[in-house]
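Asks: Chains A and B are the protein sequences, given in the same order.
So the number in our numbering is just where the residue sits in the first sequence, counting from 1, plus 35.
So the number in our numbering is just where the residue sits in the second sequence, counting from 1, plus 35.
Calculated from the structure, these hints are not laboratory results.
Every residue, glycine too, gets a C-beta built ideally from N, C-alpha and C.
A portion of the hints provided could be inaccurate.
As the list claims (entries may be wrong) - If you want the footprint, here are the derived chain A segments under chain B, 3+ residues with CB under 8 Å: (1) 112–119; (2) 175–181; (3) 230–237; (4) 247–259; (5) 272–282; (6) 296–302; (7) 317–324.
Claimed, not checked - Calculated pairs, SDA-like style, for lysine to any residue (alpha carbon to alpha carbon, straight line, at most 20 Å): (8) A:K118 with A:H216; (9) B:K129 with A:E313; (10) A:K191 with B:E252; (11) A:K218 with B:E252; (12) B:K241 with A:G322; (13) A:K238 with B:K241; (14) A:K317 with B:K129; (15) A:K238 with B:I328; (16) B:K241 with A:H216; (17) B:K238 with A:E313; (18) A:K191 with A:K118.
Stated by the list, open to error - A partial selection of chain A residues facing chain B, derived with a Cβ cut-off under 10 Å: (19) I161; (20) S205; (21) A208; (22) P214; (23) K222; (24) A223; (25) S225; (26) K241; (27) G312.
Residue-level listing of the chains:
Protein chains: 2
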Amino acid sequence: MVVKIPDSKSEEAKIMLEEIKEGKILSRRGLLVGAGKLAVGAAGIAVVSSGGLTLLSKAEAAKKNASELPWPYKKLNSKEIKKVAEIAHDNWFKGFCTYAVLSGIVDVLREKVGGPYTSFPTEAFIFAHGGTAGWGATCGTLIGSGIAASLASGHKTGEQIVNEVMVFYSDTALPIYMPDHPKADIKAKSISHTPVCHISVGKWMKEEGLEEGKGPEGVGFLSPQQMERCGRLSADVAMKTVEFLNAWADGKFKPVHTAPVMANHIPSQNNCTACHGESIPKPGPFGTGMSLIGGH
Amino acid sequence: MVVKIPDSKSEEAKIMLEEIKEGKILSRRGLLVGAGKLAVGAAGIAVVSSGGLTLLSKAEAAKKNASELPWPYKKLNSKEIKKVAEIAHDNWFKGFCTYAVLSGIVDVLREKVGGPYTSFPTEAFIFAHGGTAGWGATCGTLIGSGIAASLASGHKTGEQIVNEVMVFYSDTALPIYMPDHPKADIKAKSISHTPVCHISVGKWMKEEGLEEGKGPEGVGFLSPQQMERCGRLSADVAMKTVEFLNAWADGKFKPVHTAPVMANHIPSQNNCTACHGESIPKPGPFGTGMSLIGGH
């Protein structure tokens with residue numbers, strides 16, 4: 036099969052260059068219709084993308100581009116989920132928590148689905164480790180979870196999934212997962228009651244120090260024990276995210292918990308008294324501006 | 036110019052399909068060397084990517100794929116920075132804070148640079164609004180800032196940039212930016228002393244209520260005033276991020292502030308006593324496990 040691409044000095048090539056300069060990027064469908072002589076064969080379409088060489092079916096090739104969600108998702112089986120967990124644990128030691136969860140899921144989807152996952156820059160999210168650049172706020176695993184869930188199921192379902200993962204994260208004694216190649220022996224599990232890194236890891240370090248008989252100050256940050264804990268926790272969060280994605284793929288994902296911002300009328304945790312005691316501030320009327328929201 | 040793509044029933048096509056199934060994705064350089072008959076012309080290489088049709092120079096085409104950072108960055112001028120700010124403000128009302136900052140920067144880079152930005156799924160990060168799915172932890176603007184900075188400058192510089200942006204966010208009376216099309220009149224500016232959404236927006240709402248003479252409970256969450264504040268704040272964070280990226284492009288970006296995790300030996304803010312009072316816990320020895328870290 037032969038494909039014609041215009042000579043670089045031809046009128047057609049000049050128009051093409053002008054269109055590119057003007058930012059008139061053609062949709063793939065537009066490309067097939069408007070420049071129909073491009074590489075359409077019996078088996079599909081040979082596409083040289085930023086991720087390498089891909090052969091798409093005609094139906095796939097006519098789909099929306101990678102900037103639009105959701106990307107294709109295929110349910111992961113138990114062997115693949117185990118692989119997600121192992122990569123998440125091991126990759127904590129390469130790029131910390133956000134990268135661990137995200138690369139655990141994306142690496143396996145690169146193998147199983149390919150396509151847009153292959154050219155997704157997982158390293159761009161490393162910065163979210165340690166509660167965002169080490170500032171101790173949102174646990175980085177949850178950012179990795181939300182990104183993976185949103186890519187695979189779209190931004191609305193993705194947010195519902197990460198909300199459920201955050202409930203799991205906050206209410207469960209973690210870590211649970213036992214990796215094939217632990218880098219330290221650890222004993223403690225702890226319930227964070229928060230998605231906040233500083234509090235979550237602080238509680239666990241105190242607990243582990245007590246378990247080891249060293250007292251509450253026995254285990255430090257970036258100790259082998261803390262690092263192993265956060266590696267296992269990354270595996271737990273990655274597996275839980277895939278569990279919800281698999282349920283969603285079966286049409287069985289049902290969000291159970293109301294997002295705290297809707298429940299409490301301010302972005303927040305649900306355990307207000309843990310910080311505020313009994314004197315919880317009452318802000319003004321909620322939600323009157325929602326009519327300003329468009330688009331999404 | 037003519038490009039040959041193997042007939043779908045040929046031996047070559049079968050091998051190609053097998054390689055794709057096995058996940059052997061060729062790098063673009065590999066593709067040029069190994070399958071040299073593909074589309075290499077005098078003007079460059081016609082590439083059908085997920086983002087549409089692109090014409091790359093030979094040098095560009097030989098570069099790493101979109102999963103690798105940094106992506107190309109071109110300094111934005113004052114007109115373009117104004118556009119970043121306007122998009123950030125306006126897009127808050129479409130997808131909230133993370134999306135606002137990220138789409139403000141990425142939309143302008145799509146026009147100026149094109150390439151990988153065009154197919155980047157900015158909606159995948161909407162979930163990080165309101166301190167992550169409305170849980171009130173890391174302000175979503177900072178997640179948008181970190182992603183944009185990491186895409187354009189790589190993950191190490193990106194993290195240094197977002198760290199500086201977080202200092203700006205925490206120490207500055209915000210919002211500063213006055214948009215072309217404000218959706219509400221607001222009066223207050225407030226210093227958050229934290230990257231935590233719940234505290235940052237809570238302080239501002241209290242301040243605005245007092246400014247409006249309604250008392251500290253006068254302005255609620257998702258009131259027109261709060262939404263306008265967070266929209267302007269998104270513009271401030273997006274502009275500050277671009278300011279650092281421009282300095283970096285000139286070789287003039289110098290990280291000034293130590294990441295709190297390194298300064299305080301735990302992921303944290305720097306104002307420990309604000310929450311802990313004088314009895315700040317002292318965890319165990321810091322950093323002894325760092326030898327376990329590979330890769331990054």
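Asks: Next, verify each hint and record whether it holds.
Replies: We went through each hint and held it up to the structure:
Using a Cβ-Cβ cut-off of 8 Å, 0 residues of the stretch 112–119 of chain A lie near chain B, which falls short of the minimum of three, so the contact claim is violated. Given a C-beta distance limit of less than 8 Å, the hint that chain B covers the stretch 175–181 of chain A holds, as 3 residues qualify and 3 suffice. Against chain B, the stretch 230–237 of chain A contributes 6 residues with a C-beta closer than 8 Å to a partner C-beta. That satisfies the three-residue criterion, and the hint holds. Given a C-beta distance limit of less than 8 Å, the hint that chain B covers the stretch 247–259 of chain A holds, as 10 residues qualify and 3 suffice.
Under a criterion of three residues with beta carbons nearer than 8 Å to beta carbons of chain B, the stated coverage of the stretch 272–282 of chain A fails, only 0 such residues being counted. As drawn, the stretch 296–302 of chain A meets chain B at 5 residues by the rule of a beta-carbon pair under 8 Å; at three or more, the given contact holds. Counting residues of the stretch 317–324 of chain A whose CB falls under 8 Å from any CB of chain B gives 8; the rule of at least 3 is met. With a C-alpha separation of about 13 Å, the suggested pairing of K118 (chain A) with H216 (chain A) holds against the 20 Å cut-off.
Annotation: proposed proximity of K129 (chain B) to E313 (chain A) is violated, straight-line Cα distance about 36 Å (limit 20 Å). With a C-alpha separation of about 31 Å, the suggested pair K191 (chain A) and E252 (chain B) falls outside the 20 Å cut-off, and the hint is violated. The suggested pairing of K218 (chain A) with E252 (chain B) is violated, with an alpha-carbon distance near 51 Å, which exceeds 20 Å. Using a Cα cut-off of 20 Å, the hinted pair K241 (chain B) and G322 (chain A) holds, with the two alpha carbons roughly 16 Å apart.
Our distance criterion of 20 Å between C-alpha atoms is broken by K238 (chain A) and K241 (chain B), whose separation comes to about 31 Å. Taking the CA atoms of K317 (chain A) and K129 (chain B), the gap is about 27 Å. The hint is violated against a cut of 20 Å. Taking the CA atoms of K238 (chain A) and I328 (chain B), the gap is near 23 Å; set against the 20 Å cutoff, the hint is violated. Between K241 (chain B) and H216 (chain A) the alpha-carbon distance is near 50 Å, which puts this suggested pair outside the 20 Å criterion.
Distance check on the hinted pair: K238 (chain B) and E313 (chain A) sit about 19 Å apart at the alpha-carbon level, within 20 Å; holds. Between K191 (chain A) and K118 (chain A) the alpha-carbon distance is near 27 Å, which puts this suggested pair outside the 20 Å criterion. About 4 Å separates the beta-carbon of I161 (chain A) from the nearest beta-carbon of chain B, less than 10 Å, and the hint is met. At about 9 Å, the closest approach between the beta carbon of S205 (chain A) and any beta carbon in chain B falls short of 10 Å, and the interface hint on this residue holds.
At its closest, the beta carbon of A208 (chain A) sits 20 Å from a beta carbon of chain B; the interface hint therefore is violated under the 10 Å criterion. About 13 Å separates the beta-carbon of P214 (chain A) from the nearest beta-carbon of chain B, more than 10 Å, and the hint is not met. For K222 (chain A), the interface hint is violated, the least distance from its beta-carbon to any beta-carbon of chain B being 15 Å, above 10 Å. For A223 (chain A), the interface hint is violated, the least distance from its beta-carbon to any beta-carbon of chain B being 13 Å, above 10 Å.
A least Cβ separation of about 14 Å between S225 (chain A) and chain B goes past the 10 Å threshold, and the interface hint is therefore violated. Look at K241 (chain A): its Cβ gets to within about 8 Å of chain B, closer than 10 Å, so that hint holds up. Interface restraint check for G312 (chain A): the shortest CB-CB distance to chain B comes to about 13 Å, outside 10 Å, so the restraint is violated.
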